[in-house]
Amino acid sequence: MPDSNPFADPLRFQRQVPDCAIVIFGANGDLTKRKLIPSLYRLAYERRLPATVSIIGTSRTAMSDDEFRAKMHDSVKEFLEDSPFDEEQWTGFAKSLHYVAGDLSDSALYTCIKEKLAALGRTNVLYYLSTQPSYYAEVAEKIGAVGLGHSDAKGWQRIVIEKPFGHDLASARELNQRVHAVFAEADVYRIDHYLGKETVQNILAFRFGNGIFEPLWNRRYVNHVQITAAESIGVEGRGAYYQEAGAVRDMIQNHLLQVMATVAMEPSAAYEPDAVRDERAKLLRSIRILSPEEVPLYSVAGQYAGFRHEPGVDPASQAPTYAAATFFIDNWRWAGVPFYIRSGKKLPKRTTEIAIQYNMAPHALFSPGEGGVTMRPNLLILRIQPEEGISLRFLSKQPGSGMRLRPVSMDFNYGSSFGERSPTAYETLLEDALTGDATLYTRQDMVEASWRVVAPILEDWAKRKCEFPNYEPGTWGPAAADEMLARQGHEWRNS
Amino acid sequence: MTTAIDPEKILRDLRDLWTQLAHDQSGPGGVLRACSMTLIVVAEHDDALDAEQARKTIGVLMHGHPSRAIVLTPREDGEFSGRVFAECWMPFGGQQQICAEGIEITADSEQTDEVARLLVPLMAPDLPVVLWCRGPRAFLDRSLDPLFPLANKIIFNTRAVRHPSSAIEFLRRMQKDGRQVADLAWTRLTGWREAVAHLMDASPDGWLAAGRKGSVRIQHGGARPGTRSLYFARWIERALPGMNVTLSPVAGDPGMHSVVFAGESGEMSIRLAGTGSLEVRTGDRVYSALLPPDSEECLMREELSILGRDPVFERVLG
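First to last, the sequence lines map onto chains P and W. So the first sequence is numbered by our numbering: it starts at 16 and just counts up by one. So the second sequence is numbered by our numbering: it starts at 172 and just counts up by one.
No lab work stands behind these hints, which were simulated from the structure alone. Note that this is a predicted model, so its numbers are computed, not measured. Ideal Cβ placement from N, Cα and C applies to all residues, glycine included. It cannot be assumed that every hint is accurate.
When the alpha-carbon atoms are kept at most 25 Å apart in a straight line, the in silico SDA-like pairs for lysine to any residue are as follows [to be verified]:
(1) P:K169 / W:S436
(2) W:K180 / W:P317
(3) P:K110 / W:S436
Here are some chain W residues the structure puts well away from chain P; computed CB gaps all over 12 Å [stated by the list, open to error]:
(4) H216
(5) T283
(6) N415
(7) E438
(8) D481
Chain P extracted, bound-state conformation (with noise of 0.2 Å):
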């Protein structure tokens, strides 16, 4: 809501999302079943959509409105998180659900769009692709083909893309320059989920709206910081994509180093947009390039017994289903402090979450006696999920004559705290793209920025054949992983 409106109220009024109408492509697929719809279904319920907004979903299957209303309804059913499903209100929600079929690459769809747009009257559009990312390019200068995608003084067009973000630096900078041919920078929204849950937002939360915790948080007083994001499953027929994709390029270069950035970027002046992003961006930056020789001291891949017998998936494949990797930030606060990220499928559980490991009390006052324990470092844990909060180890005198010492923590839990329901990642993202807030979203500086990091790892083990599989599931990753932490005096946080 702008400033000179003078009947605003930020402090009560909901974030105003105007008249618009959504396109989806790839309306057919997993995530508008999963996530897009039940998040817009829920916005509407929430009154955060306006009444009269509109829904076109795109795919190739020929579907009247009714019928992907009707598939839409036991979507939502079925995918709802948290949230009871509302009939009534559903029946008024499904009235904006439109369905255009056509394929991407046939020109004739977008100018169906371009009609449909028109008879509903929208001016603001939100293009959302869901579409395989080959896809990406050629249905931005479609778009722009046909003559949408330029916002002007009618309305604003924008355009929100999935990652990946091309699979590397020159793939990535190709996509940006398509995409760019059609749609400024400012209206393109590549989306990465991570940030849009709560407790990644919380990071910024806990750091900057805190006095306590901000001085500690350097060099001087951390020893190092582990980022986990352990999936249970395998890849769950998704073979075929986890192939080419691997660990790496799948929640390396985009989810973690996001994390990463939001765990030690710098304050920024203002909450603002383009301010948090510049911090954001400024920190990938930072981060040392490996070198050849470094790579292999540096960085691990693993690939679990059994990936090879899945479906889509090469005999002899070299994909890596867990990565890790050691990452220097070369700045004035991190210098010389570990960051060690790891992912993978089929580990013991599914976590993820940052562990920011103090150093030692710098003397062991307390000798660790009988049935004590001895000194341990102080540890912040923020869990992303499942249960997210955030949590502090410290040492605490055991009950009882004498002074022996035990670990206790102090938990923070996000969903006790604040009993009412979190807005899920997709909610929070569609509303901010909705109303032309970037904050939580990728710029194209930053997408360079990761390949960049990522970059040497990729060609080197691109380079050599790997013994895999090099882990069983169940367990923590290969031994290799370990090692690599064990060479500077450190151990994964495996609990």
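Assemble chain W onto chain P, guided by the hints.
Coordinates of chain W only, in the frame set by chain P:
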């Protein structure tokens, strides 16, 4: 019969309650104690049902605003007693039961000074204190006055007051005295005000022109305008000082029924269209806007989420 309440004993009872809750918890997760404020609730005089309703509302509010709740029931029989209780719930998908704690105090209305002294050690330290006066009694007698200085924010409800202008004047005086006040009658207007603000967003130039020499007609139910209609009129006057705002009664329930803005460029109107929705007309366009739920819990939830200053309401009162 007057019985002195020992705050130390109440705090001890609270500790025992937590120990008991932890023992009773069968799952592995334990009980999580959550507290983000002290919420003091004044139930209506000698009204056990009102106190019960207050407790139910608190039970719902605790999920989003875990608090140490203190329910105060004034009585005439001289009884002065206190007891502790807990409100527990299992969050969606969670493994750990969350509990928030409560204290119920019954006291003679003549003893409010003593109650105020008793409340000081019972309030959760270092956290905001919100006082919620549920009924119209706070406007009628001064026995609750000693409680006001304890709170960072005081929430009233003028919906049922007999003299709306006097009630607003009372709130204005409190604000002038430096107290942060809120009124659930104002909270009920959020949906209406949001609809007006959105109209303005759609056509800011037309509005600013209308603001110079336009007029606004507000229709309300009941013979006299209630606090909601008065607040609404004042809100528009403060936002667009050039507007000529008039209030007129129509048949129906008390409260807002419609608002019509007229200016050189035409008319815009917002009307109540059945339960929970508004019909908005601007030019040829007609659409409906859903009103937020106006249950006591929802209104309180909105107020508890604003613990700092509320500049818009301050301007309306000021």
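Indices of hints not satisfied (ascending): Numbers 3 and 8, in rising order.
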